[in-house]
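Peer 1: Whole structure, please, built from the sequences with the hints as guidance.
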Amino acid sequence: MSKSLSHVFLPVFGGTALVLAAAVAITNRNYGQSQIETLETRISQVEAHAATAQENAQAEASRAAELAAKVEEIQTAAAERVANGMNLTAPAPNNEGTYGLGRPALEQEIAAWDVDVLPDGRGLPVGSGDVWTGEEVFVDRCASCHGEFAEGADNWPVLAGGFDTLADEDPVKTVGSYWPHLSTAWDYISRSMPFGEAGTLTADETYAIVAYILYSNDLVDDDFVLSNENFADFEMYNMDGFVVDIRPETEYAEWREEPCMENCKTEAAVTMRSVFLVETPPEGGSNSVMNEASADGLPTFTAEGPSFIPTAAPKPEEEAAATPAVQEIDEADQTTDLFAAGEKVFKKCKSCHQVGDGAKDSTGPALNGVIGANAGSVEGFKYSKAMKTAAEAGLVWTEEEMAAFLAKPKDYMKGTRMSFAGLKKPDDIEAVIVYLKSFGS
Amino acid sequence: MDDAFKPSRRAFLKGSAAVAAGSVAGAAAADTPDPLITELQDWASYTGAGVDESPYGMPISFESHVVRRNVEWLTASPISSINFTPIHALDGTITPQGCAFERHHSGAIELRKEDYRLMINGLVDRPLVFTYDDIERFPRENHVYFCECAANTGMEWAGAQLNGVQFTHGMIHNMEYTGVPLRTLLQEAGADISPDKWVYVEGADASSNGRSIPMEKALDDVLVAFKANGEALRMEHGYPVRLVVPGWEGNMWVKWLRRIEVVDVAVESREETSKYTDVYADGTAQKWTWVMDAKSVITSPSPQMPIKHGQGPLVISGLAWSGHGQITRVDVSKDGGITWETARLGKQGDSKALTRFYLDTNWDGAPMILQARAIDETGYVQPTKDQLREKRGENSVYHNNCIQTWYVSAEGIAENVEVS
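If you're matching them up, the sequences are chains A and B in order.
The working numbering numbers the first residue of the first sequence as -2 and each following residue consecutively.
The working numbering numbers the first residue of the second sequence as 311 and each following residue consecutively.
Keep in mind that the hints were calculated from the coordinates and are not lab data.
Quick reminder that beta carbons are idealized off the backbone N, C-alpha and C, glycines included.
Pairs of lysine-lysine, DSSO-like flavour, derived with a Cα cap of 30 angstroms:
1) B:585 <-> A:347
2) B:537 <-> A:341
3) A:422 <-> B:423
4) B:537 <-> A:344
5) A:382 <-> A:405
With the Cβ distance kept under 10 angstroms, some of the chain A side facing chain B (calculated, not the full set):
6) 57
7) 65
8) 86
9) 119
10) 120
11) 170
12) 176
13) 178
14) 184
15) 193
16) 257
17) 261
18) 263
19) 265
20) 269
Peer 2: Printed below as a string of structure tokens:
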């Protein structure tokens, strides 16, 4: 499909001529009847190929014509809109051929980027993974957000359970209860997970994680092995739960009547007031805020103004307070460079850690003042057993200890919940430590 | 139009009296001279800022509250989250880029034009790779379109929740885009454009946020855009190149666009199965619900924009839009939907773009229950919340285009409410 006309066409015709010539020569030397038959078969095959190539070329030409006609049609309509003052610019002209812009994509390039997996399994690489391997990888790479049993930590997505809740007041939409295609899970995990380290899982790891998620949803037994070969056979629990947009029939048809303008109802009373002030989060806010509706937390009003009090913007004096730390660093150029480099490196940490003004615990603890602090000392943060043990043993995050930890977290501390693979470059480690140091406690 | 603004001496006096009696500062029935006029002010004597003081100008400090805001507890992390356009404080229709809402799935990335590549492959005769410079060599068009997140107003299904139009309706922005029609690139690659084909698009960020677009839409009005409101896209909106899918849910407007693939089926990616699908009351889910139906909301008065001037002339203002085309009419009710008046519309003709409406009225100081109702070129009338719930239940999350209600007290304070 992807090859240009000349590539497909010429070699095929060239090939035909060669084989014909060979056939004549071979016949003259009185080869046996069977060889001649073989050659005749081969000739007819080559001719068939040539015919197919010709057909393809014709199809390509007719597709191009079809496309040009379609574009012409769209652009005529657009030109009409311009005439009626409805478009800002005249439509882009329809080019007869192509503009000859861009360059052919190489096969390796397409292979690198075209990794999507279709519902029928097309696009899957060869590989496999079992439930138990999946559990190991999941605990290591996914559990810090999704929980060890895929039950979801904090506000992160729940991946397991929720069966038969879709018609409930608060449906639990998980991979097991909701997702209609298994390909979606494989495709998404392979490309976009783990959060903050996308694209780092091997195909086998991905098969294993998907197998484990199915297991945690009770959809397979613990001896299940998922591979490219049995993938397409797997049917999801909610595979028939989706229909294509029915609004045109159920809503559009009905809601096109001229609306009422007067005496449309007898009375209009307020039946519910807004539940949340924006600055007052509900206890343990959830992904689905709809289920938090209640009469609690009614806003209070005063004659002076509305209930809304902006809180998200930093106050000017807070900004000023954060500045000195950076200014001190300004004194040494080298440190400034390291700070800037460290700030960049810290992007890798940001999916789990906050640092600086107003930093809070999220998946990982807030990191203000971490360099020089006792390990595991952020109050209220749920540390792993391993981190607690290290803290009790008196671990202090000196620059050296932090550098060792960041190089390979899992090797440095077996059992740490930090799923980060580590910083490979010593320069990056040095820089991020300078960056972290600039934020006092 | 019965209640349209009719200036009268009586109304003027009533208004003035209310202001004088209230705590609101301002010129009213002056007994003593206003020192702002009679005394020499600093700014009328000293000189102001020179040119270049701010090579790229920011709004004056007095407007520093007009910014995007998020609701922290909505999401687990600001890196995969959303914030809201301050639509309460804007007028006209164009959203400045700097306060246009952001929605990222793996954070906003810094991608240089020099490092930008766009691949088109799949069912095409010529798989191609374009650089940023290549994109700027194709014929381009300008169009104004709204971009609305499918989850806009999604928190309000089960009841009145967030007290501010920025939060109930602020997942929307409206910009003038410059870009190349997607059909031009499809043509360049010799794509198979049969109507049963799909165009799968994905971004260069870690989330990739892939979506499948049916061929008919891809050929129609989709743009591969590189400028908004005349300048380069902002990082948070997909610099250097994003997709613009007019009238369709914002999630399909893939940012940092890196690949366009022609396929024979919808990919059924995470963003079009587990998310951006609508669960109805019986537990079945709607998929491929791409179009954003007609919707309107009053932006002032609203909870963040109380009436501070007392009785008298009042401008009720708001926005209306439809993914099906033009807005043809907006009605406003001040009594919770018992009677309606037709509002004055801004510029006609913008299709799939925000339309500004105004109802110029005299406020008598009595509490109001304000509502707006949009009608688009297909004749579709924006439904009430109850009409929507009757069709879909309360768990739908996305595509809530119901009529919004604000209760305005005699003090001019507005609140998000539901009405019988």
